[in-house]
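> Taken in order, these protein sequences are the chains called A and B.
Mapping of the first sequence onto our numbering: position 421 corresponds to residue 464, and the numbering continues sequentially without gaps.
Mapping of the second sequence onto our numbering: position 43 corresponds to residue 86, and the numbering continues sequentially without gaps.
One should not assume that every hint holds.
Claimed, not checked - Here are the simulated BS3-like pairs of lysine-lysine, each with C-alpha atoms no more than 30 Å apart in a straight line:
(1) B:K232 to A:K497
(2) A:K409 to B:K234
(3) A:K502 to B:K234
(4) A:K131 to A:K587
(5) A:K234 to A:K280
The set of hints was computed from the structure by calculation and includes no laboratory data.
There are 2 protein chains.
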Amino acid sequence: MADSAERPPVRRIDFQTEPARYRHWKLAFDGDTAHLMMDVDENAGLFPGYQLKLNSYDLGVDIELADAIQRLRFEHPEVKVVVLRSGKDRVFCAGANIRMLAGSSHAHKVNFCKFTNETRNAMEDASAASGQKYICAIRGTAAGGGYELALATDHILLADDGSSTVALPELPLLAVLPGTGGLTRVTDKRKVRRDLADAFCTVEEGVKGARAVKWRLVDQAVPNSKFDQAVKDAAGKLAAGSDRPAAKGIALTPLERTFADSAVAYSTLKVGIDREARRATIAIQGPAAPPPASAEAMVGQGARFWPLRLARELDDAILHLRLNEPDIGVLIFKSQGDGALVLAYDAFLAANKGHWLAREILHYWKRVLKRVDLTSRSLVGLIEPGSCFAGTLAEIAFACDRSFMLSGSFQGDNRPPATLTLSALNFGAYPMSNDLSRLATRFLGEPGSVDKAKAETGKPLSAEDCESLGLVTSVLDHIDWDDEVRIFLEERASFSADGLTGMEANLRFGGPETMETKIFGRLTAWQNWIFQRPNAAGAEGALKRYGSGVKANFNPERV
Amino acid sequence: MADSAERPPVRRIDFQTEPARYRHWKLAFDGDTAHLMMDVDENAGLFPGYQLKLNSYDLGVDIELADAIQRLRFEHPEVKVVVLRSGKDRVFCAGANIRMLAGSSHAHKVNFCKFTNETRNAMEDASAASGQKYICAIRGTAAGGGYELALATDHILLADDGSSTVALPELPLLAVLPGTGGLTRVTDKRKVRRDLADAFCTVEEGVKGARAVKWRLVDQAVPNSKFDQAVKDAAGKLAAGSDRPAAKGIALTPLERTFADSAVAYSTLKVGIDREARRATIAIQGPAAPPPASAEAMVGQGARFWPLRLARELDDAILHLRLNEPDIGVLIFKSQGDGALVLAYDAFLAANKGHWLAREILHYWKRVLKRVDLTSRSLVGLIEPGSCFAGTLAEIAFACDRSFMLSGSFQGDNRPPATLTLSALNFGAYPMSNDLSRLATRFLGEPGSVDKAKAETGKPLSAEDCESLGLVTSVLDHIDWDDEVRIFLEERASFSADGLTGMEANLRFGGPETMETKIFGRLTAWQNWIFQRPNAAGAEGALKRYGSGVKANFNPERV
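Next up, chain A with everything else stripped away, as it sits in the complex (with noise of 0.2 Å):
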């Protein structure tokens, strides 16, 4: 079966680094301008068994590159534009390393494509949200993942040199679909013809030169004597049209964390993890102080201040759980604290938004909650008495597949019942992957029941409210509480890992597409798929034969 495990369990593997621990990135500053460079330590893969040739990629590769667009935009608002290069002399990347790949577990392969289209989205949302633009200078070849990591910036520079091409090699060579965003991107941000984007992904060795240019597969191909000028003329231009600040960014300091066996505890959060039962919880503690009085003393605060602080946790602890913990199957949702002191910091956030480091908290919080939106993981919200479920951590509630709510209080429980507040951040200000904010998104088939909502705002909204309003799915007393979400609990946990993860992946996204929805939907399902066949994962197959020097053996029935 293409599911078994097909390494020895490994070790934890850690989202978190920071630059001076890098084994295959460089990040240099020249005043408004990053260079970003790709230069893979073949040697420093994730795991054994492979070396990271020709700046090919593994997971590790990805982290240190999400960790670098991260600082950037925090550590770094001066910058405007980022110039990605590679530091190898004939190669710009080659994509995801596939000796990695085929020796991945089907979850590790799914769960890593998953984080590098992430990556990838975020390189954009950088560009969109932010104005930190990115520019994409090739000399060599990109290659698959290479050039879907062109893909993701915003102009790109193709060597015109005679050699330096760019490719999507994938199906010819490896019998498996450029997924990292690569065929949706073609087709629906560089807009290629469908019948060139055909010859393009069937053709292994790549287009170069003017003909990539008229394919619309990069923006300029330029000769190498005036390539580095004009990659500065593109750069300069897109800087001109950016409106970062000049302003001094703040330090992302290491997370505060504890591993245990069964247990992440975080500064704002705790995770625990039931093996058995197969569910973690992730409690989230609300903020013990208000909001500082200005965005002066935000900064000042830098990574402690409590919403900056509670994203990089809960993005974290994801990742761990999605990566590391892949029989967890329900991820539960609490939270302890004050609905009000939350509020206060949703108020903040919304009155400096202009300020550069209120828009990056609120664009990293619109990231880290598709993140959640993306786990394929049944996500449950328990709303208790003492919770804080209010404006921005309600949000977490809609991002649920199912939430309860308790009316009145537990016995001999003296907290106050449970109430959930809204705040103006929940209309609006993270909007999911189809573009339409969650409530908004859950109200599909009644928008008037967004209006109505929107008039509760900053109004605590008891458990019978919530349920007249449609916020919540079950409210239950205390009476049936623990009975109720116990047998929901178990019950999830019967049900087939793979017939959850498709119906989740359908039921969250209703309504319009957008580009990241088809890559997330369509794209990485047939990926998905295409992982599962045996032309390609088989025995026989293309990623498991590739550089044997034997042909793969394909079942040629079309499907």
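We have chain A already, so just place chain B on it with the hints.
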């Protein structure tokens, strides 16, 4: 491997039938209302090894349904409302037959689902495009595909009798998805709140009565005593809004076709099959005579009217190749005939588009062309001297993944050089599933090219014209033609069938998404993935163990 065919080769699946031969459906007429009754003969399955109990269906049942929907449009223009019911006492329809699914090869399952999806889309097209509305009157259980059938109608009535239910129990029962549009129509057509949709899709026993209405799953829940009257009232209301004419229909007479071992001959096209090279050539013959003088004369020609005849034959040929020739990877489209005559038919249809029959034919061509788009084979257009890719037939070339056009003539061939001509019908009459014309999809990146092409409407365009307008992929002269086309076809046949399927499914549908593209792209891709997963299709999976009394054994790993 899940790929191996799990039943012996069967007789050819035939998509042609007629009401007199139906085993599973009864069609009756009452003025402007048709009654379509599902009454499946459990002993008349398409394959041995299962019984079609509880009005469950297999491909054979759906072929009859598709035939009925088609005949209602052409043979019964007077019908404004179609009422769908069950002929069984306590069950409406139990969905796709599970033993049939469990015993089917992956390729059959996937193609079965594609056809059933197209059939449900045909119901929605009858309603949206021709005012022939569908009502679903549910007494008893509508489960899985049974409810998905209801979802494709305009109005669902559910008996409020304490036992009639609608349900999507696929996930809890079978570890698969409601993949015949179910999940997508729940979120995007019925617009059920996502957490309620999640609850609905995980509860085996379904939802009944008032709750089904409240959750937007059905439109009315009506007590038994008032049920028939409520159906009549709903039918009357829908009929009042329909623009169906009080005309007499035409008979869809049996197709003229002859099957040989490696060829199928129809009256307007020939299919030649080369199994060794894994390709089929569909050679279309243009019309022999000009269009009739009037709409009445068109009605007089009935099913012999050339555009209708070709549409029916092409539709049948595509379906035959899909289901009966799974190893054929490439479909080559050729044509021979007088392009001016093809254009004359286009002009005739355009001029008479207000006539009910012309309207039906135009919408049928739209559906046939969508069937081509959605066929998971590589589609290649060869535009040679003597061909007649004009107007509607040019649309076939635009549906292809690649097109090759000869510049000049073949040696010793005195036919004039190939041309391609556009008609008004290329600019909106035949939208793809993404709701754009094929030319608008083709030129997503350069919308001006659509206008440029439009300006050339009616002019026979040379190979050079077509190349400069971007209407074909490659222009070749007679010296290169044979080699280039051969190399392309051989290369295509050497690629992974699955990789091509995934690539083509992504590249063909750039641009906006619709419920249709979501069903065929996102939902289908996830279902295909799940159909490969051991949790569903493995020896211990839910599909295989269903009804055995032994619970499925699931791998809990989330992907």
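> What are the numbers of the hints that this structure violates, sorted from low to high?
none
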